[in-house]
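As a plain string of letters, each chain reads:
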Amino acid sequence: MTRRLALVLAVVLSLAGCAAPTSAPQKLILATTTSTADSGLLDFLLPDFEAKYNCDVQIIAVGTGQALAIGAKGDADVVLVHDPDKEAAFVASGDGVNRQHVMYNDFILVGPVSDPAGVRGSATAAEAFARIAQAKAPFASRGDGSGTETKEKAIWQAAGIVPDPRSGWYFSLGQGMGDTLLFASEKGAYTLADRGTYLSMRDKLSLAILLGGDTLDQNPDPALRNPYGVVAVNPAKHPNVRYDLAMKFIEWLTSVETQQRILQFTVGGQPLFYPDSAAWKAR
Amino acid sequence: MLCGESKRRRCAINEIWEGLKQAALLLWHLDPEVMHIVGVSLRVSGTALLFSAAIGIPLGAWLGFSRFVGRRLVVALLYTGMGFPPVVVGLFVYLLLSQSGPLGSLNVAWVPRLFTVGAMVVAQVIISFPLVAGFTMAAVKGVDPSLRQQLISLGATEWQATLAVLREARFGVIVSVIAGFGSIISEVGAVMLVGGNIEGSTRVLTTAIVLETRRGNFSLAIALALILLLLSFLSNILMLRLQGKTA
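Heads up: the sequence lines are chains A and B, in that order.
Take 1 as the starting number for the first sequence in my numbering and just add one per residue.
Take 284 as the starting number for the second sequence in my numbering and just add one per residue.
It is worth saying that the hints were derived from the structure and are not from the lab.
Quantities reported herein were computed from a predicted structural model and do not represent experimental measurements.
A virtual CB, placed ideally from N, CA and C, is assigned to each residue, including glycine.
Please note that the accuracy of each hint is not assured.
DSS-like cross-link-like pairs, simulated, lysine-lysine; straight-line CA separation at most 30 angstroms [to be verified]:
1) A:237 to A:187
2) A:281 to A:86
3) A:153 to A:86
4) A:187 to B:304
5) B:424 to A:204
6) A:136 to A:204
A short, non-exhaustive set of chain A residues, derived as facing chain B with CB atoms under 7 angstroms [said to hold, decoys possible]:
7) 58
8) 74
9) 75
10) 97
11) 176
12) 178
13) 179
14) 201
15) 204
16) 240
17) 244
Pulled out of the complex, with its shape left as it was, chain B reads as follows (with noise of 0.2 angstroms):
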């Protein structure tokens, strides 16, 4: 259908309509290359996720806690890391895993290459782990900071403190995690540069929109978007329910 100058309107509203029926066929039937690029995009920023908590959490807890000569400096540093360009992560990593780059030439089994899911997610824990401790860190620092003392002063050990003071932020801590998820499900210039949208394998929801848009298929873009914001409405929703519980 050709759409002329005097209807394009009405083309773009169709569009939009059409693109609306479309994602709930999608959706009804379970399509499978629609299924699986979903399923990638989770596994990707999950296994991220798992990876940024382990880091970001301790580390968000310690700048919490710690004076040190020079925190500041890194507490900067976190800052700047939460408002880092994706896209320019993407390039580093691209850089750094590619054959000539420094990482890549090493050619051994813990560095991922590029274009595989596993450069996807060393993209996304750069990008998501300044968030999840620069939350966490946040969420330490609302703790009456008397609690730590008169544990400590009641025969905890240091580490047992920490922990009873990251379990009264526990809910920050989870937003935390959730505010990392939301930065990296829908981050598309990194993921597109170091994974190369391999169809079946490095395609992700945001990198497949990029796509479809680009081919024209605007009603199959509409679709992956109208899940893209399924998929961070549920993690809102998530942890507004998690705040219900524990507040």
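Here chain A stands alone, though its shape is the one from the complex (with noise of 0.2 angstroms):
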């Protein structure tokens, strides 16, 4: 019995043993949104800067508040996000230093291929949320504090709603993008997405674009565009941020070269992301 239990702690040890950790490269915490990762757009881009500084990058996928979040509080070294106002705010508290543009892409309007509230040809986003909230067609919302949610919030408030999450058709899901297509795809609703992830799983959803045409330069609305944006945690304020090599990475992606990159990642034939930084403007 002795020897089992000598056995039992053996194994728990051994397991206990691999846990110490093997990587020598330096770590560098992004904390970026659900889209960016989810998209597949990361894991594209980012080997080329690892092997370059030798460093390891640890994508934390989260909503655009949560990423900001997690930034305010010294616990990720840089973020990508995609809401130009919390990025300014975030900037202005002092949390967050040299905040750069780096690429933008859509967002569009989908929802069950019926089309019940009769959104198609609507003009813009506010229109056919317009028609949405008469209809009491049922709505999936990120809720979660998204730079997506942020957008749908700014496109009720032009629109002169105020939807009610009580009100039975209205839905305030607390999720993910990925979730939330996949919930308004169950409940034929519809929701607001941005175009990068709809497409990366067009494929398992039945909804269908109902305002945002079927690439970027068919939206109606110049409302719906996405631009995302680049912040360094400010050392000033979090002293322990790797600093450094986060300008080393805010550098490479804006750089032409990865940008021409940005460009190069597509999903059936048509580019998720554009490239907006300031080099690549100037090329």
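Can you join these two chains into the complex? Each is in its own frame, and there are hints to help.
Right under this line is the structure:
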């Protein structure tokens, strides 16, 4: 019996032994949105950066609000998000420095092919939202403080409507983009989505693009543009962040070469993100 | 493939069937990514279990033997700990270990940083040690109390008598450790919060299942779920075998 106990102990100990860290390269913690991670863009871009600077970029994929909150507590080194107002506030509070434009894509309104609220052919998102509210057709909101939710809220405001989560047709989920799309698909609901995540999941959804066209160029509503920015966490406020590596990351992400690679990342022949850095525009 | 409204049920069945097939393939080929996730799960929960056994078994034995003022309060706290929502543990550990938190801001080597396996181990120890202690206490109390008195009257030291009682209660003690393992290997909320679900680093079976479901990769999610089920099945088999040998 003693031998058996010793065996159990040995197994547990060996498991513990394996837990010792083995990685030598420096770590960089990137807090970002589910759209950049779930679409596969970061998997496509990052190996180049990791090889160049012998580092390991660790991605925390959450909503924009949570990504900025992680940065504001000094628990990430750099954030890549899509909410210009919140990014500006993040810099103004002293939590972030060196904010740069990175890229953009656009939001689209998706919903059931049968389009019960008749939003097809709307000129603007606000008009389409008004029709959804009028028809009390089911609408799924991210509800997680993400950049997408901020955009959605702005559109409801432009339409002069305050959607009520207790009304029975407006669902505030508190979930990521993928979850929300799956929910909308199951429930036959409308939702506002970033084009990238929608395209990468299109085959798994019974949802059609009802406003926004087949490509970004065909999107009729300029209000649906979705700009991404990168911000380093301020070392003056959070002394433990890896600021030097974060700055190298920002420089690399906005460089003409990486921007070119962003354009090369396509799904079904069309880019999911379009380069937008100062260096790219000045090339 | 687009699931039409009328074909949805058929699609769901296909999804499960595809998941089972893919699970078999992933296991058969020992897919490196899946094996890595399984490895991280076992390492994190194994390490946590080691710590919670080191804390929980002595604590449980002590509570089982001793009589002191306030013992009832300690036991009540322990029972509360056994039913404590893991996600709340995750929240507290998150706030403690954050760079802006009371422990994280110390910036010393023995405090693991947020979004590391160390942080996940801390959360899992807090979740599992009350279970280990509670089950150990019950097992120790199940041993005939006269054994301990007899041993001491025969000249055994306090320490020797305690070890003898623990040996007598060994099955219950092992069950306590396996119960602790079951509670943490299948836990998702706390490890998601404090680990951050980082690919290749802090991604474990449960958080990977959440992520793949979120991405709509149901086949992979089912495959991972089957592996998780297999692991808890194996730990139960181990428990039953030990029971057979010792009973």
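A quick look at each hint next to the structure:
Simply put, residue 237 of chain A and residue 187 of chain A have alpha-carbon atoms about 45 angstroms apart, too far for the 30 angstroms limit, and the pair is violated. Proposed proximity of residue 281 of chain A and residue 86 of chain A is supported: the alpha carbons are some 24 angstroms apart, at most 30 angstroms. Only pairs whose Cα atoms come within 30 angstroms are accepted, and residue 153 of chain A paired with residue 86 of chain A is accepted, the gap being roughly 14 angstroms. For the hint pairing residue 187 of chain A with residue 304 of chain B, the CA-to-CA distance comes to about 28 angstroms; that is within 30 angstroms, so the pair holds.
The straight-line distance between the Cα atoms of residue 424 of chain B and residue 204 of chain A is roughly 55 angstroms, outside the 30 angstroms bound, and the hint therefore fails. Taking the CA atoms of residue 136 of chain A and residue 204 of chain A, the gap is near 26 angstroms; set against the 30 angstroms cutoff, the hint holds. Nearest Cβ of chain B to the Cβ of residue 58 of chain A: about 5 angstroms, under the 7 angstroms cut. The hint holds. Annotation: interface hint on residue 74 of chain A holds; nearest CB of chain B at approximately 4 angstroms, less than 7 angstroms.
Interface restraint check for residue 75 of chain A: the shortest CB-CB distance to chain B comes to about 5 angstroms, inside 7 angstroms, so the restraint holds. For the restraint placing residue 97 of chain A at the interface with chain B, the shortest Cβ-Cβ distance is roughly 16 angstroms, beyond the 7 angstroms limit, so the hint is violated. Annotation: residue 176 of chain A was flagged as interfacial toward chain B, and the flag holds, the nearest CB pair being 6 angstroms apart, inside 7 angstroms. Given the 7 angstroms rule on beta carbons, the hint for residue 178 of chain A holds: about 4 angstroms separates it from the nearest Cβ of chain B.
Look at residue 179 of chain A: its Cβ gets to within about 5 angstroms of chain B, closer than 7 angstroms, so that hint holds up. Satisfaction of the interface hint for residue 201 of chain A is found here, the shortest Cβ-Cβ separation to chain B being roughly 5 angstroms, below the 7 angstroms cut-off. Interface restraint check: residue 204 of chain A against chain B, minimum CB-CB distance 4 angstroms, threshold 7 angstroms, status holds. Among the interface hints, the one on residue 240 of chain A holds; its C-beta lies about 5 angstroms from the nearest C-beta in chain B, closer than the 7 angstroms criterion.
Among the interface hints, the one on residue 244 of chain A is violated; its C-beta lies about 17 angstroms from the nearest C-beta in chain B, farther than the 7 angstroms criterion.
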